[in-house]
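Chain A is already provided as a structure; the job is to place chain B on it using the hints.
Below are the chains, spelled out letter by letter.
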Amino acid sequence: MTTLTEAPPPLAPAAPGRRPPRRRGRLVPYWLLLPGILWLLLFFALPMVYQASTSVQTGSLEQGYKVTWHFAAYGDALSAYWPQFLRSVVYAAVATLLCLLLGYPLAYLIAFRAGRWRNLVMIMVIAPFFTTFLIRTLAWKTILADDGPVVHTLTSLHVLDLTDWLGWTAGDRVLATPLAVVCGLTYNFLPFMILPLYTSLERIDGRLHEAAGDLYAKPFTTFRKVTFPLSMPGVVSGTLLTFIPAAGDYVNAELLGSTDTRMVGNVIQAQFLRVLDYPTAAALSFILMAAILLMVTFYIRKSGTEDLV
Amino acid sequence: MAFVNWLKRNLVVLAGLLTLGYLLLPNVVVTVFSFNAPKGRFNYEWQRFSTNAWKDPCGVSGMCGSLSLSLQIAVWATIGATTLGTMIAFALVRYRFRARGAVNALIFLPMAMPEVVMAASLLTLFLNMGARLGFWTILIAHIMFCLSFVVTAVKARVMSMDPRLEQAAQDLYAGPAQTFLRVTLPIAAPGIAAGALLAFALSFDDFIITNFNAGSTVTFPMFVWGSAQRGTPVQINVIGTAMFVVAVLLVLASMAVGNRRTKQKAQALVGS
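Line by line, the protein sequences give chains A and B. Okay, so the first sequence: first residue is -5 according to the numbering used here, each after it adds one. Okay, so the second sequence: first residue is 2 according to the numbering used here, each after it adds one.
Just chain A, same shape as in the assembly:
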């Protein structure tokens, strides 16, 4: 989902040919597209149709399911699981905001201040990817452990009293609280924020900064009026790349959270793989999809960056 601002080069004119009329050539793009598009239609689009049909079925595992246009499944699913939905949106939004706040300075550092260290810092951002993310997420269990240094420091600074009052943590614990889940989500999706931010920051002409300085803009004004607006494509694709997977994630809520921090992904997973209530699970997953597509469309329209693909 990198933003491509440059216009595509003009299509190559038909080759001055020894094989004059390009009758065969007309079909070339379709042959090139066929296998991949077929794959996506069969294993991405068709499943969506199946899921939509499953969500309006009734029946049981033993007797089989039938399409009965039982739309009540949607209402039931929403009224039973609205807290999980709300939690998903709130956690994902907070994590996305944190990613932006944490990721922007690092992307800025790599783009403008790293000098000859640029490649090294870049490697250090990407390298953690090579350790399975589940292992790294489990490491947060150690970092946030109840008698670990992080919890001790936060307790002695009375930060935990504040977060407890806000309902983000419970007592002297960080693990199994919303704070731990958001911390894990932020950590897991931070590189997805940094990379697009870096790509769009790197494209900014350094002379613009000089020009702003010459026109008596203070560094912060330069940032607010020049750098940040020009990095908007990166901000948009970064927030989308962070928010979407975070809203559907159930790994962090399962490993770092408790039953009070379950997100909609946890419910879908449990309904599908453990409870085997397929209609409810399909309805939930369909609502999640629709909600995210709506939000994404609205957000892209608002921010005016439509050339995301």
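It should be emphasised that the hints constitute simulated quantities derived from the structure, not laboratory data. No experiment lies behind these values; they were computed from the predicted model shown. Fair warning: there could be bad hints in the mix.
[Stated by the list, open to error] Listed next, the in silico DSS-like pairs over lysine-lysine satisfying Cα-Cα at most 30 Å (straight line):
#	chain 1	residue 1	chain 2	residue 2
1	A	K219	B	K9
2	A	K219	A	K296
3	B	K9	A	K212
4	B	K40	B	K56
Then chain B, alone, in the frame of chain A:
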């Protein structure tokens, strides 16, 4: 005052370095705890230094099997997704055709869809078709979600290619096949390689979609997930650390080779 000024100028650097620390901290913990000798079944608390896990990395039943399965799936998924994705990317950049908008949407949507939605809907399809879940269903799913990322990576590269290079090749009497093999493909290679690397990483590390569509087959991420419930062997950290070190060394080596090549080229230019 001088210090305050210095701080003002370098605030963004300090904040950036803090973020970098946040990103790398878990890897440090994983590495340190690969030398732990835990008391119970879980490896979350530091006990004492030990190299036992490093001496016997496959000492946990099922782990190395799942690792090799993950590698196999990643290799095949990479080959499949890179081939199909490169073809689509070329069609999108180089040709005019009907339904371009629909094709673009079909490629964009999998990247804008939460994994759990794709996972659940694919499982509904497989259940409806009565497919046996296992290696093949995992591979199908992985090729599906890697495809779009390959298309974007290759498309970016092909777009920035100068079409005049190919016209020049044709002017010099290269046939279509020769032009493609000796001009187009070498120039597009970095994009294709980037797409392939991304596909490999995505496939190897995927948990959510695999968990839904694997049946009783266990990939490495699924093994880690299961062990989070049953007890985490130190060997998991050994594998995690080794993967990290190998990847960083490979990247550094390729950068060193690249640097030397540029230097040699520069010297050759100066020398002539």
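These are the hints, each one checked on the structure:
This hinted pair checks out: K219/A and K9/B have alpha carbons roughly 19 Å apart, not beyond 30 Å. Distance hint between K219/A and K296/A is fulfilled; the C-alpha atoms sit about 19 Å from each other, no more than 30 Å. Between K9/B and K212/A the alpha-carbon distance is near 12 Å, which keeps this suggested pair within the 30 Å criterion. Note on K40/B and K56/B: the hinted pairing holds, with a Cα-Cα distance of about 18 Å set against a maximum of 30 Å.
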